[in-house]
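Novice: As a plain string of letters, each chain reads:
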Amino acid sequence: MPEALPPEVLKRLTACLPADALLTSVEEMTPYECDGFSPYRRLPRAVVLPHNEQQVQAVLRICHAAGIAVVARGAGTGLSGGALPVETGIVLSLARLNRIVAIDPLNRTARVQPGVRNLAISTAAQPYGLYYAPDPSSQLACTIGGNVAENSGGVHCLKYGLTTHNLLELRWISMAGDRMTVGGSGLDGPGYDLMALLTGSEGLLGVIVEVVVRLLPTPPCARALLASFDRIETAGAAVAGIIAAGIVPAGLELMDNASIRATEAFVQAGYPVEAAAILICELDGRVEQVDADCGRVERLLTQLGATEVRQSASEAERKRFWAGRKAAFPAVGRITPDYYCMDGTIPRHRLAEVLARIATLAAEHGLAVANVFHAGDGNLHPLILFDANQPGQLEQAEALGARILQTCIEAGGSITGEHGVGVEKIDAMCLQFGPDELSQFHAVKRAFDPDGLLNPGKAVPSLNRCAEFGAMHVHANTALHPGLEHF
Amino acid sequence: MTSHDQSLQLRDQVLAALAAAETLHIRGSGSKAFLREDAAPPASRILSVSDHTGVTGYEPSELVITVRAGTPLRQVETVLAEHGQMLAFEPPGFAAGASMGGTLACGLSGPRRPYTGSARDFMLGCRLLNGQGQILSFGGQVIKNVAGFDITRLMAGSYGTLGVLLEVSLKVLPRPEAERTLVFDLAADTVLARMSDWSRGAWPLSALAYDGERVLMRLSGAEAALKASHRHLGGEVLAEADRFWQQWREQELPWFHDPAVSLWRLSLAPASPPPELPGHWHLDWGGALRWLKTTAPAERIFAETARLGGHARCFRSAVRQPRQPPLPAPLAALQQRLRTAFDPHGVFQPD
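Going line by line, the protein sequences match chains S and V.
So the first sequence is numbered by my numbering: it starts at 1 and just counts up by one.
So the second sequence is numbered by my numbering: it starts at 488 and just counts up by one.
These aren't lab readings, by the way, just hints derived from the structure by calculation.
Keep in mind that the hints are not guaranteed to be accurate.
Below, computed lysine to aspartate or glutamate pairings styled on DMTMM-like, alpha-carbon distance capped at 20 Å [stated by the list, open to error]:
hint, chain 1, residue 1, chain 2, residue 2
1, V, Lys714, S, Asp338
2, S, Lys159, V, Asp672
3, S, Lys319, S, Glu308
4, V, Lys658, V, Glu564
5, V, Lys658, V, Glu546
6, S, Lys326, S, Asp338
7, S, Lys159, V, Glu666
8, V, Lys714, V, Glu666
9, S, Lys319, S, Glu298
10, V, Lys714, V, Glu664
11, V, Lys714, S, Asp291
12, S, Lys159, V, Glu546
Label pairs and their computed distance ranges (CB to CB) [to be verified]:
hint, chain 1, residue 1, chain 2, residue 2, range
13, S, Thr123, V, Ala665, 33 to 41 Å
14, S, Arg231, V, Ala520, 22 to 30 Å
15, S, Thr123, V, Pro813, 35 to 43 Å
16, S, Glu8, V, Gly766, 52 to 60 Å
17, S, Val101, V, Pro760, 19 to 27 Å
18, V, Gly544, S, Thr218, 30 to 38 Å
19, V, Glu723, S, Glu353, 48 to 56 Å
Quick reminder that beta carbons are idealized off the backbone N, C-alpha and C, glycines included.
Between the sequences and the hints, there should be enough to build the whole structure, so can you do that?
Specialist: Below, the structure written as structure tokens:
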């Protein structure tokens, strides 16, 4: 149990917040002890749930004056521990700022508070024939504020981009309590692109209090292709082949045999259980465009070694193709006591080789891995299957996870494509960045939050921590092509 | 194509300037010097990136190209075109020699921007020389990467005030299978409403502009989709459309050049009513970008644009006047602290 807040601070918080907006008992605070990354749990000194922006600003000013850390939290669906409480501070939940302020069909925007759920934006925009494109798998529950903090992706970001590509304006409050707006009603704003910096900053730079997102016209037609492969390497190569042919699918997902079997047993999507891998390729746009693209992709897939290609003949069938993919994580959850979901990215043309490497590493650690991921983006989600009740298995899973991330870096990729660093990958950051880059990150952090009170200890490791971790910064190309010039 | 790595020489120049407590003006080809506020800096204070050239990585199936900052924009476009790909933000160069680094440092995007994304949207990674003479690597060559703060995208539009872009990795896109530009003659007061209607329909738009007389709509995609869209939308096909869009984005049309009148760039919500300002208008980005030729005073333009929730910048100035309105105080202070975070000794001056 962390130390209680000083009475003076409690008094000031009580004075500016309604009675239901300040939680201090263990029972009330327990739901906030972790986010979607549950191995780590910790109680904060208090949880505040303001109802409006003025209360958020007041809380930040009080904490700033008293030197108390603040961890902002949306729906708590994050997968890297970004909303894990810190012992020195409070949790600031934005869940009650959940109003859709305005849908502007003429300008194709939605102005929303940070606690609005991702899917609720598209639901509200639907009567106007518009939708919000980024669709993280947690979109039923996750909030737009959290999406901004994590720069969330989803199944469709190959064509429609990440959160950062779909924002027009952010209103946010600094740790010192200054309210600022970045971006604007047009497609760009004045000054430095602070919106780029705030997006994906994992709650280290400021607290988002209002977001204007770009809405897109709903494509009149969407169709999915389901291709089977007898080798996963062939499926990996087909992904690169489709992109190289000049086609940018709306989504391009790969599942390996372990995931296919697990999902088929769970939701009966009609997947070929004998296949070593399947690709789901979605194409959208006007019907004539989709007709043309589907024809090309179908021919390409066959040329690239698919053993069978099915094209969705109806909206119901398209949804069935996706039903399995969308249920893949819970389906894998049914066949293993525990799983650890990794999130790394690699250049697409190295998919086949990296998948083979992951299989070898998994065997070395005596664990199974199921692969289901955003192949079009080169964004891997290996699911490491283990049993936390078996002594040593959690440690083996974590060790395997670290080696998979190292493999991603060595292949020229990144330790996280969309889940963020949080606490989970803080040590892996020491592999991806050298001390000078980390120092530059810290300098940026100090420009926003000189006292280091916003989400301390997350996302960017201290140089000391990296020294203790003892990891050598591995620069991908240096490690692999020592002949190339590098500095 | 030439390929020269000048990273170490550039670093040494920064270290020398640091030691001598002197300032530097980062410059590519100088093609966008007209955006600058003040007189040209003395030659001895210019840090020229124009010899730091070459494509250091290009894997077409990855849709990613990595180039040194001094590489001419047109060369990058030629290399991509050989593989049926393009810089989808369609950047203007404003001169034949425009460099890739200068293009990104100014953060400018062309007519395709609302439909495919802006310069910063396509930036995936960079190597940066900061004001302490450190060479740093951020982002990477992969499309999804959320490790660390997004310093790469911060560089777009920072005008060389945070550091020297040495190398950038950009996402590229396949060239559309076909394109067709349609022309519509519309009454001036109906243009914005029609643009808004078209933008809400799921048409394969890749540009939507108004040149003061007619609306020009470019469609991109499969031939069959363009044909079907044209049938629904009407309009006449524009001949030599590629040439038109080239001249449009490069501001080569005579309309853009009038030494007696300033050219203003207004960034507004696309359906915003016309600002109450005197002068002549061209529209781009489906109404979200508005070019205004006017002799109205800067303060009036700032006030009217702010009233509409937008942002104005003087692009080509006929007189000495403020180019942009001042930022609100907390934001201005934060920007200054951020600048200090990259360049603590103030080596880099805007060029």
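Novice: Compare the structure with each hint and give your call.
Specialist: Hint check:
1. Of the supplied pair hints, the one linking Lys714(V) and Asp338(S) is violated, its CA atoms being roughly 53 Å apart against a limit of 20 Å.
2. Only pairs whose Cα atoms come within 20 Å are accepted, and Lys159(S) paired with Asp672(V) is rejected, the gap being roughly 33 Å.
3. Between Lys319(S) and Glu308(S), the direct Cα distance comes to roughly 19 Å. Compliance with the 20 Å bound is thereby established for this hinted pair.
4. Between Lys658(V) and Glu564(V) the alpha-carbon distance is near 13 Å, which keeps this suggested pair within the 20 Å criterion.
5. Pair hint Lys658(V) plus Glu546(V) holds up; C-alpha atoms about 11 Å apart against a cutoff of 20 Å.
6. Proposed proximity of Lys326(S) and Asp338(S) is supported: the alpha carbons are some 19 Å apart, at most 20 Å.
7. This hinted pair checks out: Lys159(S) and Glu666(V) have alpha carbons roughly 19 Å apart, not beyond 20 Å.
8. About 10 Å separates the Cα atoms of Lys714(V) and Glu666(V), which keeps this hinted pair within 20 Å; it holds.
9. With a C-alpha separation of about 19 Å, the suggested pair Lys319(S) and Glu298(S) falls inside the 20 Å cut-off, and the hint holds.
10. With a C-alpha separation of about 13 Å, the suggested pairing of Lys714(V) with Glu664(V) holds against the 20 Å cut-off.
11. Only pairs whose Cα atoms come within 20 Å are accepted, and Lys714(V) paired with Asp291(S) is accepted, the gap being roughly 14 Å.
12. For the proposed pair Lys159(S) and Glu546(V), the alpha carbon gap of about 19 Å is at most 20 Å, so the pair holds.
13. Distance hint check for Thr123(S) and Ala665(V): the Cβ-Cβ separation is about 35 Å, which falls inside the suggested range of 33 to 41 Å.
14. The supplied range of 22 to 30 Å is broken by Arg231(S) and Ala520(V), whose beta-carbon atoms lie about 56 Å from each other.
15. At about 40 Å, the beta-carbon gap between Thr123(S) and Pro813(V) stays in the expected band of 35 to 43 Å.
16. Distance hint for Glu8(S) and Gly766(V): a CB-CB separation of about 58 Å, consistent with the stated range 52 to 60 Å.
17. A C-beta distance of roughly 21 Å is found between Val101(S) and Pro760(V), which places it inside the suggested range of 19 to 27 Å.
18. Here the CB-CB span from Gly544(V) to Thr218(S) is close to 37 Å, well matched to the stated 30 to 38 Å.
19. Look at Glu723(V) against Glu353(S): about 52 Å separates their beta carbons, and that is inside 48 to 56 Å.
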